[in-house]
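Enquirer: For the record, the sequence lines run as chains A and B. Residue numbering for the first sequence is 0 to 371, as defined by numbering that gives the first Met the number 0. Residue numbering for the second sequence is 0 to 436, as defined by numbering that gives the first Met the number 0.
Hint data in this document are derived by calculation from the structure and do not stem from the laboratory. Computed from a predicted structure; not experimentally measured. Glycine included, C-beta positions come from ideal geometry on N, C-alpha and C. Treat the hints with care, since some could be wrong.
Example chain A residues on the side facing chain B (calculated, C-beta under 10 Å, incomplete) [stated by the list, open to error]: (1) ALA44; (2) PRO168; (3) GLY306; (4) SER343.
One letter stands for each residue in the lines below.
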Amino acid sequence: MRRCCAIARACGVLVALGCAFMAGSASGSNRDRLAEDGTIRHVTATGVRVLVRAEPGSGLVAIVAVVDPGEADRRAAAGVKEIVARSVFGAGANLSAEGVAREVYRSGGSVASVTSPDSIALRCLTTPNAFRDAVYLIGQALKNAAFDAETVRRAAAAADRDRAMAAQPLSIGAAVARAKLFVGHPYGVVQLPSDPNPRSLAVADLLRYYRTAFVPSGTTIAVVGDIEPRAAIQTVDNQMVDYDRRSGATRPPAGPSSDDHRMTGRDVERVTIRASTTAVVAACKAPGRASSDAAAVRVLAALLGEGKASRLFRAIRDVRGIGYVVGAETQLWRSGACSWRTSSVHRSAHNRTVARAPTAMFPGGYSGSSTA
Amino acid sequence: MWRTRISVLTAVAIMFSCSLRPACADGPRLVRATLANGVTSIVCPRPSRGLAAVDVWVRAGSAVERPNEFGAAHFVEHLLFRGTSTRGPGEVDRAIELLGGLLNAGTTRDHAHMFAVLPAEAVPDALAVISDALLGSTMAAEHVNIERSVILDELAAARNDPARDAVESAFRAAWGDAPYGRPVLSLAGDIASLDRDRILGFYRRCYRPENVIVVVVGDVSPNATLEAAKRAFGSVPAADVAGSARDSQTQPEPGPACGPVRTSPRTGFPPEEIWAWRLGRRDSRDAFMAELLAAVIEEALASARSPQSAGETFAVARADAVPLAGGILLYVASPIGVAGKAVSSAVLDSVVRRLATDGPSEIELAVARRRVLGRSLFRQETCAGLARDLGLWAMLGDAEAPIEAGLRLQQIGRADLQAYASRWLGGIPTQEGKQPR
Numbered sequence: 000m001r002r003c004c005a006i007a008r009a010c011g012v013l014v015a016l017g018c019a020f021m022a023g024s025a026s027g028s029n030r031d032r033l034a035e036d037g038t039i040r041h042v043t044a045t046g047v048r049v050l051v052r053a054e055p056g057s058g059l060v061a062i063v064a065v066v067d068p069g070e071a072d073r074r075a076a077a078g079v080k081e082i083v084a085r086s087v088f089g090a091g092a093n094l095s096a097e098g099v100a101r102e103v104y105r106s107g108g109s110v111a112s113v114t115s116p117d118s119i120a121l122r123c124l125t126t127p128n129a130f131r132d133a134v135y136l137i138g139q140a141l142k143n144a145a146f147d148a149e150t151v152r153r154a155a156a157a158a159d160r161d162r163a164m165a166a167q168p169l170s171i172g173a174a175v176a177r178a179k180l181f182v183g184h185p186y187g188v189v190q191l192p193s194d195p196n197p198r199s200l201a202v203a204d205l206l207r208y209y210r211t212a213f214v215p216s217g218t219t220i221a222v223v224g225d226i227e228p229r230a231a232i233q234t235v236d237n238q239m240v241d242y243d244r245r246s247g248a249t250r251p252p253a254g255p256s257s258d259d260h261r262m263t264g265r266d267v268e269r270v271t272i273r274a275s276t277t278a279v280v281a282a283c284k285a286p287g288r289a290s291s292d293a294a295a296v297r298v299l300a301a302l303l304g305e306g307k308a309s310r311l312f313r314a315i316r317d318v319r320g321i322g323y324v325v326g327a328e329t330q331l332w333r334s335g336a337c338s339w340r341t342s343s344v345h346r347s348a349h350n351r352t353v354a355r356a357p358t359a360m361f362p363g364g365y366s367g368s369s370t371a
Numbered sequence: 000m001w002r003t004r005i006s007v008l009t010a011v012a013i014m015f016s017c018s019l020r021p022a023c024a025d026g027p028r029l030v031r032a033t034l035a036n037g038v039t040s041i042v043c044p045r046p047s048r049g050l051a052a053v054d055v056w057v058r059a060g061s062a063v064e065r066p067n068e069f070g071a072a073h074f075v076e077h078l079l080f081r082g083t084s085t086r087g088p089g090e091v092d093r094a095i096e097l098l099g100g101l102l103n104a105g106t107t108r109d110h111a112h113m114f115a116v117l118p119a120e121a122v123p124d125a126l127a128v129i130s131d132a133l134l135g136s137t138m139a140a141e142h143v144n145i146e147r148s149v150i151l152d153e154l155a156a157a158r159n160d161p162a163r164d165a166v167e168s169a170f171r172a173a174w175g176d177a178p179y180g181r182p183v184l185s186l187a188g189d190i191a192s193l194d195r196d197r198i199l200g201f202y203r204r205c206y207r208p209e210n211v212i213v214v215v216v217g218d219v220s221p222n223a224t225l226e227a228a229k230r231a232f233g234s235v236p237a238a239d240v241a242g243s244a245r246d247s248q249t250q251p252e253p254g255p256a257c258g259p260v261r262t263s264p265r266t267g268f269p270p271e272e273i274w275a276w277r278l279g280r281r282d283s284r285d286a287f288m289a290e291l292l293a294a295v296i297e298e299a300l301a302s303a304r305s306p307q308s309a310g311e312t313f314a315v316a317r318a319d320a321v322p323l324a325g326g327i328l329l330y331v332a333s334p335i336g337v338a339g340k341a342v343s344s345a346v347l348d349s350v351v352r353r354l355a356t357d358g359p360s361e362i363e364l365a366v367a368r369r370r371v372l373g374r375s376l377f378r379q380e381t382c383a384g385l386a387r388d389l390g391l392w393a394m395l396g397d398a399e400a401p402i403e404a405g406l407r408l409q410q411i412g413r414a415d416l417q418a419y420a421s422r423w424l425g426g427i428p429t430q431e432g433k434q435p436r
């Protein structure tokens with residue numbers, strides 16, 4: 000019985016490798032590899048990395064194109080990356096804005112672009128029979144975004160709206176702390192609601208960023224779901240055949256090394272906005288995903304404040320009843336991480352808590368902000 | 000040119016229809032059982048890399064509160080984590096976190112629910128902990144004041160949230176002083192004055208086995224999970240006193256549109272105008288129709304504004320439908336003060352009247368189906384999302400609705416939507432607040 004299972008698994012691997020090989024041949028690449036978890040790794044003729052994993056029976060397909068902006072992030076003014084990410088699904092060289100809207104609906108209505116300090120991700124969740132349309136749509140966003148005036152204005156208005164929606168003490172406190180921790184590094188470029196309106200950005204700036212950042216060598220496309228891997232790779236290959244923009248973009252040198260994240264100083268900033276609560280945010284810099292300590296950062300963060308059984312939650316909320324939102328969050332980026340301890344504070348406890356909480360959260364040192 | 004455009008759009012619409020595969024074709028199946036004490040269990044096995052979502056629903060929402068209990072539903076939801084006769088403060092959370100999950104809870108107008116995602120093998124233990132937390136809570140007096148302070152901070156934080164304000168304003172506009180019109184988290188004054196006796200009264204009246212539905216989705220064996228649910232919830236005795244959570248649900252009949260009402264401005268965020276309708280819900284088909292109508296209205300408003308939007312304004316109107324045990328809320332929210340060009344009552348009225356008279360076009364219907372199905376697929380992509388949808392719809396009497404969304408949406412035609420819009424939407428109020436119908 001065990002032998003039968005082993006043979007079946009081996010057959011599965013052989014079939015997958017065969018499929019991958021065929022797809023690789025079709026695109027002129029013979030670099031397809033099959034990982035232990037069943038993920039096929041492929042590189043298109045123009046250098047786009049593709050990861051495909053079949054999950055039969057799920058009835059869904061998720062497509063995510065991740066773009067590493069590299070050096071473009073260091074050169075860009077605040078707000079450019081955000082507006083570019085929001086504009087790539089606007090009108091393009093091959094599609095009108097109306098056409099893009101139709102394609103969005105056709106591919107499932109769940110299409111979005113999301114930025115992080117390391118990347119811009121274009122993602123779509125769709126049904127298997129709309130897979131080709133969805134890949135076409137993402138391909139157009141990678142290759143042919145035109146940044147027409149209406150699309151950019153809409154993107155700027157949407158960015159304004161979302162920033163205003165996020166103008167709450169905790170999120171502003173976290174943004175201020177991050178900016179103070181990563182001065183001079185792209186991770187420290189954050190926009191607060193009080194910052195200049197991104198609507199003043201020139202289209203030329205957006206195009207320059209787009210052409211520098213959206214290059215095949217910095218792009219990875221992942222496809223997971225109810226698809227046949229060989230056909231999926233073929234579809235992606237076909238769409239990426241003319242994605243051949245070249246750029247000297249590289250990722251900036253790693254930020255904090257495994258040593259220089261240590262903090263001994265304390266830096267406190269008070270921010271005042273119109274709001275009905277006070278937030279206390281204490282943050283520290285930590286090693287990023289590229290560091291061998293990344294796993295330790297995650298475990299430490301969980302121990303210190305993630306979960307309702309954590310000491311932080313128990314001490315601040317359960318025992319004292321000081322605030323509703325109490326916890327810890329760690330965002331791991333490639334070359335650094337930001338670990339926050341946060342607490343909202345009820346007015347009646349404002350004064351005594353704001354003075355003491357950051358030290359309790361990070362006895363060793365922190366960059367903190369209280370936002371009221 | 001226009002004709003060509005129409006034919007292209009029609010072709011696209013047909014493609015939409017063809018590609019709209021029913022979600023239930025080879026989708027998940029449900030296994031159900033009802034225990035002698037009235038607890039219903041629903042299990043949906045589905046491959047999920049060793050994970051499972053547990054979501055336990057109770058008919059104990061804010062609309063079930065009696066006049067002297069305002070705020071009790073939300074207060075109870077907080078106190079559930081504060082310990083039981085066998086677990087001290089913090090031990091409920093600790094027990095779930097030791098199993099690899101994170102426990103949370105929420106309150107709606109009709110229900111409260113407690114949920115977690117865990118390794119599938121931990122589901123039986125998790126069900127035992129959640130059963131204890133829900134049905135064996137001590138609501139200890141010493142925790143009430145601590146939790147009161149936490150809830151007051153939550154209410155204050157909620158006031159910073161424009162999206163929540165819009166939905167709450169819509170409920171208030173549509174239902175006024177009736178139970179659905181009150182804020183789901185309650186008012187600070189209610190929380191400040193609520194004593195333990197009244198909290199306990201609400202808890203004993205509503206947190207009873209016959210009001211509970213247990214949902215488990217993920218890498219689990221249906222029979223073993225039903226058995227685990229029986230072990231966890233089966234020993235709780237059925238209520239032996241008359242009356243149930245449903246007794247106090249007296250809601251007004253579906254009625255005419257209300258609004259516009261205006262939300263409060265916040266830092267950097269403009270106030271919004273809200274129009275709201277109280278729609279009837281005989282079954283889940285009505286809920287799907289309301290959701291389709293909301294999608295059609297939102298899209299029609301975007302199109303209606305586009306000729307004027309070449310200049311300054313990009314105010315985005317949102318429309319949504321919220322299914323409830325006692326009806327459906329349909330609302331439209333539009334920011335004002337953004338270059339002064341929000342959706343006007345006249346534009347909205349013309350859209351609504353067209354839908355009530357002619358129904359949506361084929362294209363509008365196709366686009367709306369795709370949007371509604373897209374949102375549904377996105378929600379149900381995770382075990383937690385599917386468990387939430389299943390629990391909500393099971394509470395509304397139709398557990399299959401979420402997994403049959405594609406099929407159900409396909410069965411709703413233009414004439415159905417026109418009839419539904421004609422019956423429930425009519426028009427919107429005039430300046431004087433009169434229904435122009």
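Enquirer: State the violated hints by number, sorted upward, taking the hints as numbered earlier in the document.
Expert: Result: hint 1 breaks, nothing else.
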